[in-house]
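**Student:** Can you make the complete structure from the sequences, with help from the hints?
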Amino acid sequence: MALFIYFDYKAVQKRVKWVGAGKKDAIWTKTHERNARRVLNLMIELEGLWVKMGQYLSTRADVLPEPYINVLKQLQDSLPPRPLEEVRGTIEKELGKPMNDLFANFVLDPLATASIAQVHRATLVDGREVVVKIQHDGIKDIILEDLKNAKSLVEWIAWAEPQYNFNPMIDEWCKEAPKELDFNHEAENTKAVSSNLSRKTNCESGAVSSAVDVLIPEVIQSTDKVLILQYMDGIRLNDNDSLEAYGVDKQRLVEEITRAYAHQIYVDGFFNGDPHPGNFLVSKEPPHKPILLDFGLTKRISQSMRQALAKMFLSCAEGDHVALLSAFAEMGLKLRVDMPEQAMEIATVFFRQSTTANEAKENIKTLNDQRERNVKALQEKMKMNKKEVQRFNPVDAFPGDAIIFMRVLNLLRGLSASLNVRIVYLDIMRPFAESTLLGSMTRGPTANSQWIYDSPVNSEVESKLRNLLLELGSNKILGIQVCAYKDGKVIIDTAAGGAIPPPHSGGGSKPPLGSHVHTPKFPTMPSKKKKKGGSKNDVGVADKDGYTQLRTSDGSDEGSTVSAVVAGNGSGSGSSMFVDGGAKMLDAFMGVGDFSGMIHPNGKFGLGFRRYGYGAGAGEKVATTTFGHSGMGGSTGFCDVEHGLAMAVTVNKMSLGGVTRRVVRLVCEELGVPVPDEFSVAGDKGPDMVLNLAPPE
7 MALFIYFDYK AVQKRVKWVG AGKKDAIWTK THERNARRVL NLMIELEGLW
57 VKMGQYLSTR ADVLPEPYIN VLKQLQDSLP PRPLEEVRGT IEKELGKPMN
107 DLFANFVLDP LATASIAQVH RATLVDGREV VVKIQHDGIK DIILEDLKNA
157 KSLVEWIAWA EPQYNFNPMI DEWCKEAPKE LDFNHEAENT KAVSSNLSRK
207 TNCESGAVSS AVDVLIPEVI QSTDKVLILQ YMDGIRLNDN DSLEAYGVDK
257 QRLVEEITRA YAHQIYVDGF FNGDPHPGNF LVSKEPPHKP ILLDFGLTKR
307 ISQSMRQALA KMFLSCAEGD HVALLSAFAE MGLKLRVDMP EQAMEIATVF
357 FRQSTTANEA KENIKTLNDQ RERNVKALQE KMKMNKKEVQ RFNPVDAFPG
407 DAIIFMRVLN LLRGLSASLN VRIVYLDIMR PFAESTLLGS MTRGPTANSQ
457 WIYDSPVNSE VESKLRNLLL ELGSNKILGI QVCAYKDGKV IIDTAAGGAI
507 PPPHSGGGSK PPLGSHVHTP KFPTMPSKKK KKGGSKNDVG VADKDGYTQL
557 RTSDGSDEGS TVSAVVAGNG SGSGSSMFVD GGAKMLDAFM GVGDFSGMIH
607 PNGKFGLGFR RYGYGAGAGE KVATTTFGHS GMGGSTGFCD VEHGLAMAVT
657 VNKMSLGGVT RRVVRLVCEE LGVPVPDEFS VAGDKGPDMV LNLAPPE
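Heads up: the sequence shown begins at 7 in my numbering, then just goes up one per residue.
The reader is advised that the hints may include incorrect statements.
Said to hold, decoys possible - Computed list of lysine to aspartate or glutamate pairs in EDC-like fashion (alpha-carbon distance at most 20 Å, straight line):
no., residue 1, residue 2
1, K103, E135
2, K146, E53
3, K181, E151
4, K181, D230
5, K256, D245
6, K590, E648
7, K157, D147
8, K197, D274
9, K185, E151
10, K495, E648
11, K103, E91
12, K146, D188
13, K256, D219
14, K495, E675
15, K470, E675
16, K154, E53
17, K181, D152
18, K16, D31
19, K256, E291
20, K295, D245
21, K146, E98
22, K146, E51
Claimed, not checked - Label-pair distances were calculated between CB atoms; the ranges are:
no., residue 1, residue 2, range
23, G133, A335, 55 to 61 Å
24, A198, F13, 44 to 50 Å
25, Q385, S204, 48 to 54 Å
26, L150, A27, 48 to 54 Å
27, H635, Y12, 52 to 58 Å
28, G28, M105, 57 to 63 Å
It should be emphasised that the hints constitute simulated quantities derived from the structure, not laboratory data.
Everything numeric in this text was worked out from a predicted model, so none of it was measured.
We treat Cβ as the ideally placed atom computed from N, Cα and C, and that holds for glycine.
**Tutor:** Here it is as structure tokens:
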């Protein structure tokens with residue numbers, strides 16, 4: 007059939023070259039309709055797994071021509087029904103009673119017939135309205151045979167075209183699909199998801215609401231092949247006329263479904279892997295809540311995988327290549343080539359804003375263009391010819407758990423396209439991904455007495471900083487550490503958030519966070535003859551190259567320490583590594599003096615460090631004694647030699663520096679030290695790596 011359809015399209019391609027532009031669209035539409043019907047009829051004939059494939063394709067209105075969607079969507083719930091004798095036989099065998107003893111009424115015409123089962127409406131003898139799901143006779147053998155054939159087909163494709171290696175996908179299907187055939191398993195899944203989504207949580211930040219607003223039918227009874235559920239009267243998602251008549255807000259509907267799946271994936275780690283339109287209804291009563299059905303293919307993922315998926319999502323949201331590659335490693339996804347930019351492009355495709363069915367053609371073109379760019383980049387990176395790069399698979403290992411996750415994202419995208427709405431997944435799913443990295447939606451500064459690590463307070467400014475961290479709370483902070491030296495002494499040593507060190511055993515006050523003494527250690531330096539008149543207690547002694555040799559205070563050469571990284575304001579109130587010959591080191595960091603010709607003129611960087619300025623927007627002054635560096639996620643470190651301040655902030659929730667700026671501003675303002683422009687309200691924002699080397703002329 008595939009060959010037949012292929013040659014049909016090739017013939018039409020040649021034919022349309024000789025017709026006018028006005029007729030081309032009509033010819034292509036008829037071609038799509040003709041071949042979509044061929045595919046539909048064959049899938050109905052083959053049953054089993056091929057119907058599942060058709061259901062999946064019918065949801066991809068964002069990438070398939072409209073005639074395919076219109077034809078294949080019949081597979082969502084409108085397959086030919088099984089004979090009533092077969093249905094009766096299965097029910098009576100599974101439940102051990104005649105139909106008349108079980109039901110006061112049983113509607114003979116099924117509500118829906120799908121790939122594995124069909125559903126009838128009924129009334130129990132106690133008067134409860136229910137639906138009865140009956141598994142097709144012999145479907146288990148058909149599904150298992152389909153999986154075996156599909157596995158052979160995929161292995162042949164991977165051998166013939168290595169870049170199309172779908173073995174991880176079919177392996178995951180082989181593992182998960184048989185679970186759909188046990189309705190006791192589905193009953194337990196339904197109960198678990200219903201409990202998870204209705205569970206009241208207390209997220210004080212307000213980023214995630216207390217519960218997802220969806221409906222799930224109650225489980226009445228189950229056996230291996232029969233499942234009885236509470237009846238819920240609803241509208242099918244493909245019944246657009248009824249959706250319009252009842253005034254259903256389709257945008258809100260799909261957003262709530264997306265929220266439900268984000269909750270299942272990131273918060274619960276237990277989600278329905280088959281969200282095609284046939285598995286949803288919409289309640290007829292306002293506010294028209296989504297009704298979630300069919301939990302046969304439900305996937306459970308570990309806490310570590312949830313965190314890795316959350317990190318992957320957030321790294322895409324923030325454009326953080328390093329975090330994305332870290333997430334890949336944590337989930338077990340291995341690449342054969344180091345191309346972080348292309349990896350980011352591909353990963354971001356899964357979380358991009360959905361498009362409507364009307365934009366499918368342009369969407370396909372955009373994705374194809376992106377793929378061609380990535381293939382070209384891979385070809386240049388690996389120095390391959392076109393034939394070699396076509397056979398090269400850049401993925402070395404793909405985790406099975408991520409297969410169903412990505413399938414869910416694609417099905418949700420197709421769902422929004424079929425209802426002609428746009429969904430911004432990064433906005434809707436982000437709070438749930440962040441809650442995963444928080445460790446618990448209930449965790450926060452007021453719920454957890456250990457949210458700020460209770461080490462001794464070193465100064466008044468540290469006390470004020472801790473109040474700020476409590477104010478920011480878990481909405482802004484996952485984990486944070488702040489350390490600062492002023493004039494050679496530790497004034498701040500604080501950690502807070504969900505990823506803080508474990509409490510020490512025993513009573514009393516907690517020790518400082520670091521087990522080391524707060525004095526940097528430097529490697530042993532060869533002994534140098536002191537300058538005439540030099541003090542035995544000198545810390546910095548210039549060598550012949552003008553750099554600083556660091557010694558212990560007793561002049562010993564066994565190992566060297568200094569009392570602080572920076573000290574004082576040059577008044578001699580403390581030791582400093584930037585005095586005497588050490589000034590050369592500072593000149594190098596700042597790119598001034600003898601080193602001015604080695605940096606970009608008027609640039610923001612010295613040799614290895616960012617040079618910070620003061621007074622943005624009011625005649626900016628580039629400092630000659632303040633340097634540091636900031637990372638993509640918001641962590642930073644800087645040193646102000648003139649004012650004797652060294653400070654570091656590390657965060658493990660990507661924030662592009664928002665929290666860090668508030669922390670630095672508070673500390674500097676409390677100490678009466680100028681706030682570097684990167685951390686000021688009016689200054690440059692963002693990590694050093696994305697800032698221009700020099701201001702515009």
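**Student:** If a hint holds in the structure, say so; if it does not, say that too.
**Tutor:** Hint check:
no., hint, verdict
1, K103 with E135, "holds, 19 Å"
2, K146 with E53, "holds, 11 Å"
3, K181 with E151, "holds, 14 Å"
4, K181 with D230, "holds, 18 Å"
5, K256 with D245, "holds, 12 Å"
6, K590 with E648, "holds, 15 Å"
7, K157 with D147, "holds, 15 Å"
8, K197 with D274, "holds, 13 Å"
9, K185 with E151, "holds, 15 Å"
10, K495 with E648, "holds, 15 Å"
11, K103 with E91, "holds, 15 Å"
12, K146 with D188, "holds, 10 Å"
13, K256 with D219, "holds, 15 Å"
14, K495 with E675, "holds, 18 Å"
15, K470 with E675, "holds, 11 Å"
16, K154 with E53, "holds, 15 Å"
17, K181 with D152, "holds, 13 Å"
18, K16 with D31, "holds, 16 Å"
19, K256 with E291, "holds, 15 Å"
20, K295 with D245, "holds, 16 Å"
21, K146 with E98, "holds, 19 Å"
22, K146 with E51, "holds, 16 Å"
23, G133 with A335: 55 to 61 Å, "holds, 57 Å"
24, A198 with F13: 44 to 50 Å, "holds, 49 Å"
25, Q385 with S204: 48 to 54 Å, "holds, 52 Å"
26, L150 with A27: 48 to 54 Å, "holds, 50 Å"
27, H635 with Y12: 52 to 58 Å, "holds, 56 Å"
28, G28 with M105: 57 to 63 Å, "holds, 59 Å"
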